[in-house]
Amino acid sequence: MAEVTITPASRLWVMRGVFVLLALVVMLFNLMPLETLPRKWAGPDLILVLCIGFTLRRPDYAPPVLVGLVVFMADLLFQRPPGLMAAVTVLACEYLKYRARGLRELPFPVEWLAAGLGVVLVLGGFRLSLSLFLIDTPPLTMTAIRALATILAYPVVVLLLQALLGLRKQGPGDTDSLEFR
Amino acid sequence: MARNRQDEDYVTPLRRLLASVVVLCLIAVFLVWRIDSPRVERFRAQVVDKVVPSFDWAMAPVTATVNILRDFQSYRRIHEQNQELRRELQQMKAWKEAALQLEQENARLLDLNNVRLDPRLTYITGVVMADSGSPFRQSVLLNVGARDGIVDGWAAMDGIGLVGRISGVGSATSRVVLLTDTSSRVPVTVQPSGQRAMLMGDNTVAPHIDFLEDKDLVRPGDRVISSGDGGVFPAGLLVGQVAEDPGGRLRVRLAADYERLEFLRVLRHLGSDPLRDPGGIVGPLLPGHMAEEAATTAETPDG
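These protein sequence lines map, in sequence, to chains A and P. Just so you know, we're using numbering that gives the first Met the number 0 here: the first sequence kicks off at 0 and counts up by one. Just so you know, we're using numbering that gives the first Met the number 0 here: the second sequence kicks off at 0 and counts up by one.
Possibly wrong hints are sitting among the right ones.
So the derived label-pair ranges between C-beta atoms look like this [said to hold, decoys possible]:
| hint | chain 1 | residue 1 | chain 2 | residue 2 | range |
| --- | --- | --- | --- | --- | --- |
| 1 | A | Leu163 | P | Glu258 | 29 to 39 Å |
| 2 | A | Ser130 | P | Ile159 | 35 to 45 Å |
| 3 | A | Leu151 | P | Val61 | 17 to 27 Å |
| 4 | A | Ala143 | P | Leu269 | 38 to 48 Å |
| 5 | P | Ile159 | A | Tyr97 | 55 to 65 Å |
| 6 | P | Ala63 | A | Leu151 | 24 to 34 Å |
| 7 | A | Ser130 | P | Arg38 | 15 to 25 Å |
Chain P is faced by these chain A residues, among others (derived, beta-carbon under 8 Å) [said to hold, decoys possible]:
| hint | residue |
| --- | --- |
| 8 | Leu30 |
| 9 | Arg38 |
| 10 | Ala86 |
| 11 | Pro137 |
Since the hints were made in silico from the structure, they are not lab data. Backbone N, C-alpha and C define an ideal beta-carbon position, used for all residues, glycine too.
Could you build all of it, start to finish, from the sequences and the hints given here?
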C-alpha cells in the first residue's frame with residue numbers, strides 16, 4: 000500500500016471515504032432491477048457486514064456517525080422503516096467496539112464469533128422492535144436465512160478487505176491510529 | 000500501552016455521547032415515521048428521487064451486462080428452445096385465426112350496441128430503474144414522476160396484465176408496489192361467476208385471494224380482473240388466472256411477466272363519476288310539492 004506517501008490523517012479520511020463508497024456500491028448492486036420475482040431466500044446484508052467488519056478491525060475508520068448515516072441511507076432506499084435499522088446497527092457496533100478492546104490480540108474465530116453475535120443482535124433487535132411497534136414483519140425463516148448468510152459472508156468480506164485495503168486488526172504497535180483517534 | 004489506555008479513557012466519554020446522540024436522532028426519525036408516516040414517506044420519495052437517477056449511469060450498463068450474460072447462458076439450449084418455439088408458433092397461428100374472427104365479431108357487436116369505450120383510459124410508459132433492493136419488499140422504481148403527471152394510486156401494467164399500483168411519487172421517479180408485496184391489496188372480480196374478492200400479496204409469486212363470497216363458484220383457471228371497487232383502480236384490467244395451491248388455498252397466477260419487468264404502463268385514471276342522488280320521480284309536480292319547492296329555493300340563498 001501507499002502508506003509511505005500518505006500521512007496518517009489523510010489516510011484516516013481516505014479510509015472513511017472508502018467505507019462510505021463500498022456501502023454505496025453495495026446499495027447500487029442491491030437496487031439493480033435484476034430480480035423482480037419474490038424470492039424464497041435472502042442474501043447476506045453486506046452493509047451490515049461492512050459496518051461490523053470495520054468496527055471490529057478499525058473502529059476509527061467507521062465512527063458511529065458514519066455508520067448511522069450509511070445505514071439510514073440504506074433504510075431510505077430499501078423501503079425499510081427509516082432510522083430503526085440504523086439505530087440498532089449503531090448500538091450493536093458500539094457494543095462490539097466496547098467488547099473488541101479485549102479481543103484485539105485474539106484469533107480470527109473469536110472475532111467471527113463476535114461478528115456473528117453482532118449480526119444476531121442487529122437482525123433480532125430489528126425484528127423485535129418491528130413487532131413491538133406493530134409493523135408487519137417478514138417471515139421468520141427469511142430473517143433466519145438472512146442472518147445465516149450474513150454470518151457466512153463475514154469471513155469472505157473481511158478477508159477481501161484485508162487483502163485489498165490492508166484492513167488489519169489494530170495492534171499495540173500501530174502508531175498511525177494512536178494520534179488520530 | 001499504559002498511555003494508550005489513558006488516552007482511551009479520556010476520549011471515550013465524548014465518543015459515547017456522540018454515539019448516543021446519533022442513536023437518539025435515528026430513533027426520533029423512526030418515531031416520527033411511525034406517527035406521521037406520509038410526511039416521512041414524502042421525504043423518502045424526495046431522497047430516492049435525488050439519489051437513484053444519479054446512480055443510473057452506473058446501474059444501466061451493469062444491469063444490461065448481467066442480463067446479456069444471462070441470455071448467453073440460455074444459448075446453450077438454443078436448439079431445444081427453437082423446437083419449442085416452432086411448436087408454439089403453430090399453436091399461435093391457430094389462435095391468431097380465432098382472434099381475428101373474434102375481433103370481427105366483436106367489432107360487429109360493438110357497432111350493433113353503439114358501445115363507447117372509456118376514452119380517458121390513456122397511459123404513460125415508464126422504464127424500470129431500480130427494484131426495492133431488499134428481499135422483503137416487492138416494488139420497482141419508474142423513471143416517470145410528478146412532472147409527467149403521475150398520481151398516487153394509479154395502476155401500472157405491463158403489456159398484458161396488472162403489475163401493481165403507484166405508491167410514492169417524486170418529481171422524476173415513482174414507486175410501483177407490486178401485487179406480490181405484502182402490503183398490496185387490490186379489489187378483484189373473478190370471471191365468469193362475478194364473485195368479488197381481495198387479492199392479497201404475501202411475498203410469493205402467486206398472491207392469494209381472500210374475502211371471497213362463495214368459494215364453490217370459483218374454479219382454478221377462472222379469469223381474475225380488477226373490479227374497480229373503492230374507485231381507486233380502473234375496473235376490468237386483467238390480473239391473472241385462479242390456481243389452487245397444495246394447501247387448498249386459492250391463489251392467482253399473474254398474467255404480467257414478473258420475471259422481466261422493463262417497461263410499465265401507468266394508466267391515467269381520473270376516477271369514475273359517482274352517482275350522487277337517486278333519480279327523482281318523473282312527471283308533473285303536484286301543486287303541494289310545487290309550493291314546497293318554491294319555499295326551499297327561496298330559503299336557500301339565506302341558508
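Starting from the hint list further up, note which numbers the structure goes against and sort them upward. Of the numbered hints, all hold.
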